[in-house]
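Peer 1: Sequence:
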Amino acid sequence: MWSLRRNTWLTTLSMITPKDIQEILNGYDKNNLTIGVLGGHSALDVARGAKKHGFRTVAVCQEGRAKTFSQYYKTRDKKGCVDEVIMVPKFSDITREDVQEQLRSLNTIFIHNRYFWVYFNDFADIEERFRVPIFGLRQGVKLEERDQPLNQYHLLEKAGIRMPKIIRKSNSGLTDNELKEIFDAHFVMNMGGPLIVKVNEAERSYERAFFVFTTAMNFFETAEKWVAAGKITQEGLDNAVIEEFIIGAQINLNFFYSELSGELELMGTDARRQTSLDGFLRLDAKTQESLLMHNYKPSMIETGHFAVTMKESLVEKAYEIGEKFVKTMKDMVKPGMIGPFALQGAVAAYEGKEEFVIFDVSMRIPGSPGTGFTPYSGYMYGDSMSYGERIAMEVKNAAESDQLERILT
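Taking our numbering, I'd label the letters of the sequence shown as residues 1 to 409.
I should point out that these hints are in silico values taken from the structure, not numbers from a laboratory. Note that beta-carbon positions come from the ideal geometry of N, C-alpha and C, so glycine has one too. It is possible that part of the hints are untrue.
Restricting the straight-line Cα-Cα distance to at most 16 angstroms, the calculated cross-link-like pairs of lysine to aspartate or glutamate (EDC-like) are [as the list claims (entries may be wrong)]:
hint, residue 1, residue 2
1, 327, 263
2, 30, 402
3, 353, 302
4, 165, 302
5, 158, 320
6, 231, 263
7, 311, 360
8, 198, 238
9, 198, 263
10, 169, 203
11, 169, 157
12, 198, 302
13, 158, 360
14, 231, 203
15, 51, 77
16, 158, 181
17, 317, 355
18, 198, 147
19, 165, 243
Simulated restraints, written as ranges between beta carbons of each label pair [as the list claims (entries may be wrong)]:
hint, residue 1, residue 2, range
20, 98, 225, 41 to 51 angstroms
21, 17, 332, 15 to 25 angstroms
22, 98, 290, 13 to 23 angstroms
23, 19, 276, 43 to 53 angstroms
24, 238, 334, 29 to 39 angstroms
25, 220, 312, 38 to 48 angstroms
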């Protein structure tokens with residue numbers, strides 16, 4: 001295990017280009033590749049899949065948050081899945097030149113996720129200065145952000161995939177009176193149909209808090225209380241997206257697009273566990289009503305995921321919107337979608353017809369490790385597999401056919 005202390009100097013690395021990635025790969029021993037992860041999120045899933053396909057593994061861990069990888073799941077006596085640990089004072093130190101040199105010396109291919117990105121103040125730290133090959137679309141996580149010019153809403157719209165009606169975009173500049181008029185008009189036209197606010201948390205700005213409201217007064221009262229309590233900031237609220245809340249069965253469609261085969265695969269489906277909403281819904285109606293009368297507001301902070309299945313009549317519809325998204329990505333974002341992504345939403349029923357409505361996109365490995373517990377990848381490969389195993393399979397196939405540059409950015 002390496003322990004790399006913080007240096008005072010700054011790295012001065014140039015922009016990352018496909019040519020840079022190719023030059024790095026030219027210096028790799030492609031028969032001795034390592035799969036690298038940041039010590040969190042889906043790291044164990046990735047490491048297990050990598051070990052199953054014969055790769056070494058390395059986790060970059062933050063001091064004080066490393067025992068999961070450096071102790072509990074460290075490889076020993078034919079157990080565990082994490083071979084090497086690089087310890088750093090802060091996760092953001094992964095972009096330091098000495099850390100990158102350690103990763104390149106191990107012939108590392110890095111598997112990124114949202115957890116990997118949230119510890120950096122600037123997306124450019126990864127896009128331009130992390131000179132380690134990344135599996136998948138390097139700039140994909142930035143496109144998930146709603147304040148980017150080419151964001152997930154724009155991509156979904158171009159793909160012709162239904163999403164909730166946007167009532168207010170981020171940075172809209174609308175006054176409170178203008179907002180009230182918009183809210184009142186919506187509730188009249190949609191018979192009180194609820195709206196949802198998606199706002200970044202105050203302390204964990206990379207995580208979003210949510211609240212649902214059915215009147216303009218309800219919005220302003222809740223917003224004022226949350227700002228006063230420090231849950232959110234006024235700036236975060238002003239930049240929050242407000243959209244139609246879809247009343248339907250929530251489901252996340254977890255896909256994998258193989259650049260090598262040109263095929264889209266449905267890996268699995270899941271739904272979210274949210275605090276404290278899940279616990280609130282388990283209470284009887286009388287207790288719920290009593291809490292609401294005392295101004296209790298259940299929060300919708302994501303805590304975890306659980307595996308769900310869907311009826312087979314929805315499978316084709318799921319593939320159809322997945323294929324639309326892949327095509328749009330190829331047309332608008334080069335080099336297009338590579339590997340894992342998720343379209344997260346709900347199934348809504350209108351006049352007897354069921355339709356997917358997508359309200360979030362993950363352009364990297366999604367947060368749920370539960371895909372292996374649904375049957376969809378098993379219908380393809382005989383046995384259900386996790387994202388970690390499918391990624392390792394793709395990397396192995398690319399290395400053996402000398403096509404790594406096609407799946408790395």
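Peer 1: Look at each hint and say if it fits the structure.
Peer 2: Here's how the hints hold up against the structure:
Taken as a hint, the residue 327 and residue 263 pair is honoured in the structure, with Cα atoms around 12 angstroms apart against an allowance of 16 angstroms. Restraint check for residue 30 and residue 402: the C-alpha separation of about 9 angstroms stays at or below 16 angstroms, so the hint holds. At most 16 angstroms may separate the alpha-carbon atoms for a hinted pair to count; residue 353 and residue 302 exceed this at roughly 29 angstroms. About 22 angstroms separates the Cα atoms of residue 165 and residue 302, which puts this hinted pair outside 16 angstroms; it is violated.
Our distance criterion of 16 angstroms between C-alpha atoms is met by residue 158 and residue 320, whose separation comes to about 14 angstroms. Proximity of residue 231 to residue 263 is assessed by CA-CA distance (about 43 angstroms); at most 16 angstroms being required, the pair is judged violated. Pair hint residue 311 plus residue 360 does not hold up; C-alpha atoms about 22 angstroms apart against a cutoff of 16 angstroms. Among the hinted pairs, residue 198 with residue 238 is consistent with the structure: their alpha-carbon atoms are about 11 angstroms apart, no more than 16 angstroms.
Among the hinted pairs, residue 198 with residue 263 is inconsistent with the structure: their alpha-carbon atoms are about 33 angstroms apart, more than 16 angstroms. Taking the CA atoms of residue 169 and residue 203, the gap is near 22 angstroms; set against the 16 angstroms cutoff, the hint is violated. A C-alpha spacing of about 14 angstroms is found between residue 169 and residue 157, which places the hinted pair at or below 16 angstroms, so the restraint holds. At most 16 angstroms may separate the alpha-carbon atoms for a hinted pair to count; residue 198 and residue 302 meet this at roughly 12 angstroms.
With a C-alpha separation of about 15 angstroms, the suggested pair residue 158 and residue 360 falls inside the 16 angstroms cut-off, and the hint holds. Restraint check: the Cα-Cα separation between residue 231 and residue 203 comes to about 7 angstroms, which is no more than 16 angstroms; the hinted pair holds. At roughly 14 angstroms between alpha-carbon atoms, residue 51 and residue 77 fall within 16 angstroms of each other, so this suggested pair holds. Pair hint residue 158 plus residue 181 does not hold up; C-alpha atoms about 29 angstroms apart against a cutoff of 16 angstroms.
With a CA separation close to 8 angstroms, the supplied pair residue 317 and residue 355 stays within the 16 angstroms bound. Of the supplied pair hints, the one linking residue 198 and residue 147 holds, its CA atoms being roughly 12 angstroms apart against a limit of 16 angstroms. The suggested pairing of residue 165 with residue 243 holds, with an alpha-carbon distance near 6 angstroms, which does not exceed 16 angstroms. Against the hinted window of 41 to 51 angstroms, the Cβ-Cβ separation of residue 98 and residue 225 comes to about 47 angstroms, which satisfies the hint.
With their beta carbons about 20 angstroms apart, residue 17 and residue 332 fall inside the hinted range of 15 to 25 angstroms. Distance hint for residue 98 and residue 290: a CB-CB separation of about 58 angstroms, inconsistent with the stated range 13 to 23 angstroms. Between residue 19 and residue 276 the C-beta distance comes to about 50 angstroms, which sits within the given range of 43 to 53 angstroms. Between residue 238 and residue 334 the Cβ separation comes to about 33 angstroms, which falls inside the hinted range of 29 to 39 angstroms.
The supplied range of 38 to 48 angstroms is met by residue 220 and residue 312, whose beta-carbon atoms lie about 45 angstroms from each other.
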